[in-house]
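Participant: With the hints as extra help, turn the sequences into a complete structure.
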Amino acid sequence: MPNIAAPKQLTRTVITARGLTKKYGDFAAVNGISFDVPAGESFGLLGPNGAGKSTTMRMIGGVSQRTSGELAIMGLDPEQHGPEVRAHLGVVPQQDNLDEDLRVRDNLIVYGRYFGLPHSYLRPKADELLEFAQLSDKAKAKVDSLSGGMKRRLTIARSLINEPKILLLDEPTTGLDPQARHILWDRLFRLKEQGVTLVLTTHYMDEAEQLCDRLIVVDKGEIMAEGSPAALIREYSTREVLELRFGSERNTTVAAQLEGIGERLETLPDRVLIYTHDGETSLEQVSARGLHPVTSLVRRSSLEDVFLRLTGRSLVD
Amino acid sequence: MSRIAGSGETSSEDQLRLLPSGRPFGSLYSGNVRAVVARGLKATWGSNWAIMASGFVEPVLFLIAMGIGLGSLIGTVEGPGGQEIGYIAYIAPALLAVSAMNGAVYDSTWNVFFKLNFAKLYQGMLYTSLGPLDVALGEITLALLRGALYATGFTAIMGVLGLITTPWALLMIPASVVIAFGFASFGMGITSFMKTFQQMDWINFIMLPMFLFSATFYPLSVYPQAIQWVIQALPLWHGVELLRQLSVGTFTAATGIHVLYYLVMIVLGLILTTARLRKLFLR
Chain F
2 MPNIAAPKQL TRTVITARGL TKKYGDFAAV NGISFDVPAG ESFGLLGPNG AGKSTTMRMI
62 GGVSQRTSGE LAIMGLDPEQ HGPEVRAHLG VVPQQDNLDE DLRVRDNLIV YGRYFGLPHS
122 YLRPKADELL EFAQLSDKAK AKVDSLSGGM KRRLTIARSL INEPKILLLD EPTTGLDPQA
182 RHILWDRLFR LKEQGVTLVL TTHYMDEAEQ LCDRLIVVDK GEIMAEGSPA ALIREYSTRE
242 VLELRFGSER NTTVAAQLEG IGERLETLPD RVLIYTHDGE TSLEQVSARG LHPVTSLVRR
302 SSLEDVFLRL TGRSLVD
Chain X
256 MSRIAGSGET SSEDQLRLLP SGRPFGSLYS GNVRAVVARG LKATWGSNWA IMASGFVEPV
316 LFLIAMGIGL GSLIGTVEGP GGQEIGYIAY IAPALLAVSA MNGAVYDSTW NVFFKLNFAK
376 LYQGMLYTSL GPLDVALGEI TLALLRGALY ATGFTAIMGV LGLITTPWAL LMIPASVVIA
436 FGFASFGMGI TSFMKTFQQM DWINFIMLPM FLFSATFYPL SVYPQAIQWV IQALPLWHGV
496 ELLRQLSVGT FTAATGIHVL YYLVMIVLGL ILTTARLRKL FLR
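Heads up: the protein sequence lines correspond to chains F and X, in order. Just so you know, we're using this note's numbering here: the first sequence kicks off at 2 and counts up by one. Just so you know, we're using this note's numbering here: the second sequence kicks off at 256 and counts up by one.
Keep in mind that the hints were calculated from the coordinates and are not lab data. Be careful, since some hints might not be right.
Stated by the list, open to error - DMTMM-like, lysine to aspartate or glutamate: derived pairs with alpha carbons at most 25 Å apart:
#1 K450/X x D97/F
#2 K139/F x D107/F
#3 K375/X x E164/F
#4 K297/X x D145/F
Facilitator: Dropping the structure here:
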């Protein structure tokens with residue numbers, strides 16, 4: 002997918018993957034994927050659990066050895082030059098691995114020391130990042146006294162201590178309540194504005210749509226589609242979706258009577274989806290056929306629909 | 256960018272191209288062991304005091320109970336150089352070796368086991384510039400610091416009890432660190448194989464008999480020849496004999512063998528530990 006009207010500095014590639022493959026025995030967790038990430042882009046890996054997203058992230062960080070294929074991070078192979086590559090990476094792992102033996106501010110400073118950064122740089126930087134993560138008043142608190150959202154923000158603050166050029170975020174908002182998620186998205190958006198390249202995995206559609214300039218949809222270790230969220234929806238779905246619920250027993254039988262309405266029909270156990278350019282008109286057509294769903298909903302098409310179309314399965318479950 | 260050590264300088268014509276640093280051991284090592292050590296000291300300062308103290312107190316209690324209590328019944332025994340020494344002076348260096356072993360083993364096994372499997376500390380560290388060798392050396396250094404601390408304290412207590420009769424005895428402190436190094440470098444490698452608490456108990460299962468039977472409380476000659484060979488193959492016996500010789504300033508060819516035993520143990524242990532960390536974290 003070409004990036005429409007990409008500014009000039011976005012054209013420089015910071016991550017190049019060619020035929021990237023990771024096998025555990027006979028099982029291919031990542032099966033020959035290729036992609037490029039230009040500097041400053043927010044790039045998403047979207048897919049269900051077990052699609053190979055985290056494994057890809059680990060290979061980018063140089064903490065997982067690939068079975069075959071090529072990978073270059075800012076020109077270097079992370080497998081051969083792990084320390085050099087990771088000096089410019091920030092990593093937010095799927096599970097917080099904060100240092101529970103250290104207090105909040107020390108978590109940032111000690112982590113910075115792992116990069117060999119001097120105290121004179123780290124002290125003001127730690128305060129700045131606590132401010133950014135809205136944790137300034139928790140500076141001296143113990144880590145285990147923080148809420149889930151605060152721990153996540155601290156993990157993100159920690160990942161920024163070395164002013165990374167690339168930030169890897171593995172399921173950044175999984176397990177957070179909606180309010181905590183929105184705070185996080187806001188912080189990530191600010192980073193993107195500062196020109197940090199974001200690479201994130203998610204199985205949340207709304208997250209991908211909010212944060213990603215471009216994404217690849219992965220399933221079973223392979224790339225199913227690639228493009229901006231809007232382009233993917235344009236290509237693989239319709240503008241609107243009409244969701245109809247007839248009660249769990251009737252959905253399948255009614256589906257046959259709905260043929261011809263909209264562009265495409267998808268029958269799920271709990272509901273029928275009609276892909277259409279105009280949801281209201283389609284709903285009128287349904288009523289005209291004498292069918293009366295228990296509930297009906299017209300909504301905009303989302304990446305969830307793209308994923309359903311590409312894999313025949315929904316993402317979260 | 257130059258403030259980021261181990262980063263590989265970015266080249267001038269293109270700020271987004273990294274250059275390799277040309278450091279030895281490539282991905283394994285970034286030359287930043289001290290950050291791992293500093294972290295350990297900071298974390299220990301806040302907690303773990305009771306455990307730290309218990310590792311020190313245990314051999315001291317043995318020294319008092321066995322040395323003073325049992326020693327009053329036994330009187331004098333034959334020392335390394337053939338001279339008669341008090342029983343307490345006989346077992347004190349052995350208990351010092353045990354103390355060094357305990358400190359090193361605690362730090363490099365239980366502590367590492369917890370960080371590896373529960374705190375996920377190393378996973379975090381290895382996503383920075385640190386390599387597995389930095390982490391291994393850092394953790395082992397911490398174990399050595401603890402071993403040195405225990406050894407110094409124990410030697411001081413020996414001094415108070417009037418058991419230090421020659422300046423050579425002060426060599427027991429660095430020798431204890433060598434002993435701790437041997438146990439720590441191996442302990443961490445072995446711990447990396449452990450997955451459950453039950454498996455960790457095996458370590459105690461090996462340590463306790465080694466402590467009791469490594470000529471700690473009585474000479475090796477009480478055993479039949481075959482058993483002697485087994486004990487002489489185990490590391491603690493070499494530590495006990497080494498410190499016992501140093502405590503009275505007697506040096507023989509055996510002194511060199513004991514030191515050599517530990518040097519080999521250290522090198523093999525480091526190779527094992529680094530290989531294991533690499534396997535665990537750079538899969």
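Participant: For each hint, tell me whether it holds in the structure or not.
Facilitator: Taking the hints in turn, this is what the structure says about them:
1. K450/X x D97/F: holds, 21 Å
2. K139/F x D107/F: Status holds; Cα separation ~11 Å.
3. K375/X x E164/F: Holds. K375/X to E164/F sits at ~23 Å (cutoff 25 Å).
4. K297/X x D145/F: The given pair, whose Cα atoms are some 17 Å apart, holds under the 25 Å limit.
Figure legend: structure checked against the earlier numbered hints; every hint is met.
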